[in-house]
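Chains as they are written, first to last, in the working numbering: chain C, 201 to 685; chain A, 82 to 500.
Be a bit skeptical, because a hint or two may be false.
[As the list claims (entries may be wrong)] Which chain A residues face chain C? A few, computed with CB under 7 Å, are given here:
hint: 1; residue: THR86
hint: 2; residue: ARG87
hint: 3; residue: SER186
hint: 4; residue: ARG205
hint: 5; residue: ARG405
hint: 6; residue: ASP487
hint: 7; residue: ASP492
Don't read these hints as lab results, they were simulated from the structure. Note that CB positions come from ideal geometry on N, CA and C, so glycine has one too.
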Amino acid sequence: MSAATSPQPAAAAPAQPVADVAVIGAGIVGSAIARELAGYELSVTLIEARADVGDGTSKANTAILHTGYDAKPGTLESRLVRTGYHLLADYAKQTGIPVERTGAILVAWDADELAALPALRSKAAANGYDRCEVVDAAEVYRQVPDLGAGALGGLTVPDESIICTWTASLALATDARLRGTDLRLDHQVRSVGHDGEVTTLHCDTADVRARWVINAAGLGCDYIDQMFGYDRIDVTPRRGELLVFDKLARPLVNKIVLPVPTARGKGVLISPTIYGNIMLGPTAENLDDRTATGTSEAGLDFLLGKGRRLMPRLLEEEVTANYAGLRAAIDAGDYLIEADGEQRYLLVGGIRSTGLTSSMAIAEHVRDLLADAGLKLTPRSDLPESPCMPNIGEAYLRPYQDEARIAGDPSYGRIVCFCERVTAGEIRDACQSPIPPPDLGGLRRRTRAMNGRCQGFFCAAEVGTLFERCRFQAHGTSGPLEIPA
Amino acid sequence: MTDVTRMLTPEVLIIGGGPAGLTAAAHLAGCVHGDVLVLDREKQAGGIPRHSDHLGYGIRDMRRVISGPAYAQRLVRAAATAGAVIHTEAMVTGWDGDGNAQVTSPQGRLVVRAKAVVLATGARERPRTARLIPGDRPGGVYTTGQLQNLVHLHHGVPGQRAVVVGGELVSWSAVVTLREAGARTVLMTTQYPSPESYAAFNIGGKLALRVPVTARTRVVRVMGRPRVEAIEIENLDTRDRRVVECDTVVFTGDWIPDHELARLAGLDLDPGTGGPLTDTALRTSRPGTFAAGNLLHPVDTADIAALDGRHVADQVRAWLAGQRPDARAVRLRTQKPFRWVAPGVLRPGDPAPSRRRLLLWTDDLVRMPRVTAIQDGRVIGLRRLPWPASPGRVFRLPWSLLSSVDPSGGDVTIGLYRS
C-alpha cells in the first residue's frame, strides 16, 4: 500500500461520496482527461490546487498547435502530438477555440544549420508529416520579408498553427463540467490514503475520495507520484520568458519563425499570437523554484539580443507584455504515462509544451490504459453539446464588430478595454459562464481585458469595477477583490 | 459590414474628446456648414483632466485656475454649447484608405465619412511592461492614469507606501493623488540628474509633499506576489543597488502618443514624437486630415493641447473653404540634446504654429540654452532663452527663430549653439 498516510484519523473526515475517477490538475491535460472520462458512465472529480482552471503551466506557453514534425520518431510523444493535432483542431472548430493555420518556417543561419534541414525533413516524414519543404534564402525572405540579414535557407512546416491556449483549457474544462464532472478548485492535495478500493486525497479544503486517481498535476506531478510511493520522476521547472510586441508589429510576421533546433533546445522563435500581437521567446532556464514565474534581467537582455538579429524592425515597436512560464520538464526524453492497477493510480508525467497539442490524444490514451487495467467504460448516450466558447481570437468576428449582436444587446457595443476592444457584454458573459473567473487574471484569460498596450492606463479601474459588479450580479457575492493593476 | 450599419457624414469628424478635440469642436461648430462630430470612447468626454483632480488647469486657454474635472466639464460644455455633436462610448476601431472611420458604440456599428478629420487621440504613459522592467508581476503597480482613474473616478484605494517612478510634472500629480488616497510616497526615483519638472513644483513638492527624491537611478526589479512588496533600484553611476519596500508603485510619464489610428490610416509619422508628422497648420500627410494636442507632442500641459485645438479649427475652416497648402515643404529636425520638435514641417504661406511656439523635448538639462537653427550648413537663427530646457517637460521655443528659413532650401536642424 501507499507510503503516504493520512495526517488525520479517517473518522474525523466527513464521509464524502466516492467518485469513480479523480483527476488531479485542471490544466489542459487534466481537463481533457476529465472531459474524455465524463463521456462514459463514470463519476469524475477534477481537482485543482489553484483558484482557476488552466492557471499553471497551461496559461503561459508559446501557444502553438504542433504537427509534431520535430518529435523524436517512435516516441509516445510523437504519436500523441500527431493524433492530438487533429483532435484539437477538430474540437477547436466545433467549440470556437481560435486557431490560425499560419504555418512555420525554420530558418538556418549558418552552414551547419543549413546542412541539418534535409535531415529534419526526413524526421518530419518519420513522424508521419510529409509536407515540409527545404527552401532557399530567397524564399525565406519572400515569406518573411522583415527577417534580419544572414538567413541561408529554411524548412517550411505549412500546418503549424497558432491557437488560443486559454480558450482551449477553458473549453475542455467547461465541457467536462457540462458532462457532469465535479470541479473542485482551491483543492491542493496534501497526502493520500487508501482504504480498500477507495483512495482518499486529503486536501486543504476538503477530502476527495475516488476509486481511480489520475495524476495530471503538471509541475507538481512528482510530488503526487511520491504520495503513491514512487520515486521515478523529478520535475525540473524550466522557465521560459517571452516578450509580446504591440499589435502594430503584426504585419511584420505572418508565420511562426523558428530556429533550427540544436542540442540546447528549440531556441527562440518569433510568432504571431492569436490575439494579433507578435511574440518573441522563449528563453530556457532550469530552476529549482516551482513558483518562479517572474521575468529576469538576463532573460530580457537575451531576448532583446536575439530579436535584434532575428528581426531588427520588430525591436522598433513597443513591448506590450513580458511574462514567464514554467515547463514541467522531466529527465526522460518522452512522456511518462503509466497505470498502476494495484493502487488504481495513473501517472501522466513529463508533459512538456507539446501537451497543449497532445492533450486530447493523451486523454484518449489514458482512457485506453484505464480500460486495459479493468475500468469498465460504457459510453454515455446522453452527452450534452460541446460548449460554444466566446471568441477572443483576432482572426474571427469579435463582439465589437458584430452589428447584429450589438443590435440584440447594446452591451456588446460598449467597449471598456480599448486596446483589446473588449466589451462590457463579454465581461458579464465571463462572469455568468459555467467556470467564471475567480480574479482579474482569470478575466484577462477569458476576455483579453487589460492585456493590451496600455496595460490598464485607460481601462483598469473601469474593468475592475465592472468585473466586481458582474460577479456580484452573477453570484450574489463579490468576494475579496484585488485592486486592478 | 452588414447593411444595417449606419453612415454619418458630418462636415468635420474629431476623434478624441480631450482638451484638443473639444476645443477644436467648440471653435468649429457653427462656423462650418455641416455637423461637427466628436467621438470619444470613454463614458464621459474630457480626456485625462477628468481624473486629474487637482488645481492647475485652464491657465492659458481659459485664463483661470481650476481643477482637472472642472476643466473637463467646461470643455464639454463649450463644445456642446457651440453646437458640436459629442458621442461618448463611441470608439473608432478602424480607418480605411478612403477615409471611412468604423465606429463601435452601444448604438451599433457606424461608418463616419467626413470632409475633414481631426485626430486628437492624445497620449498615454508607458506602462511597466513596455519599460521592460523585470521581476514579479504583482498587483499594486500602476501608471498615473490608472491610479487617478481608480482613485478619482472609481473611489478605489491604492496601498500605504508608494514609490513614484519618474520626475516629470505628472509624477507630482501622482504624489498628490496618492496623498489624497491616504498613501505616502516614500520615494520618487528618476533617471535624470535632477527631477525635471518646474522648479517651483520641485521645491514645493519636496517641502509641502515631503517626498524624498533619488536622482540618477533606474528601477531594475519589481518584487512581491500577489501584491508588490518592494522594488530594486540601481544608481546609474555607481551601479549600486538597493531594495525599497513599498506596496504601491506608480510608473509616471514616459509618454507615448496613441497613434494607432494614425498608423492604420498610413499617415507619415514623426520618428521623434511617434505621432503623425504635421506642418504648422497641423495638416498630416493625408489631405483633409489634421492632428492636434498631445498626440503630436507627448506631452505638454492640457491648456497647450487645448490651444492646439483652437489653432487647428482655423486651419480646418480654411481647408473646407478650399485653401490648399503650398507643395513646397521644409522638414524640421533636431540635434542632441533635443529629441524631437513639433510641428515638423514648414510650408511657405502657412500660419505660425499655435502660440507662435515650437515645442521640443530635451534629454539633458540646459540651464541657459542658446538655440540655433541651421539650414544647408548656414546658421539662420540663434536665440538665447531665459528659461531652461529641462528633461521631462516640453521646451518651448519662439517661432521667430525660423523667420529666415528658405522655403526652397533643405532641412532645418535645431540644436544648441556650438562655438
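Comparing the hints with the structure gives:
Here the hint on THR86 of chain A is kept, as its CB sits about 6 Å from the closest CB of chain C, short of 7 Å. At a threshold of 7 Å, the smallest CB-CB gap from ARG87 of chain A to chain C is about 9 Å, leaving the interface hint violated. Hint status for SER186 of chain A: holds, given a least beta-carbon distance of 5 Å to chain C, under 7 Å. Evaluation of the ARG205 of chain A hint against chain C yields a held restraint, the C-beta minimum of about 5 Å falling below 7 Å.
Hint status for ARG405 of chain A: violated, given a least beta-carbon distance of 31 Å to chain C, over 7 Å. Given the 7 Å rule on beta carbons, the hint for ASP487 of chain A is violated: about 33 Å separates it from the nearest Cβ of chain C. The interface hint given for ASP492 of chain A is violated, since its Cβ lies 22 Å from the closest Cβ of chain C, which is over the 7 Å cut-off.
In summary, the structure is inconsistent with hints 2, 5, 6, 7 from the numbered list given earlier, while agreeing with the others.
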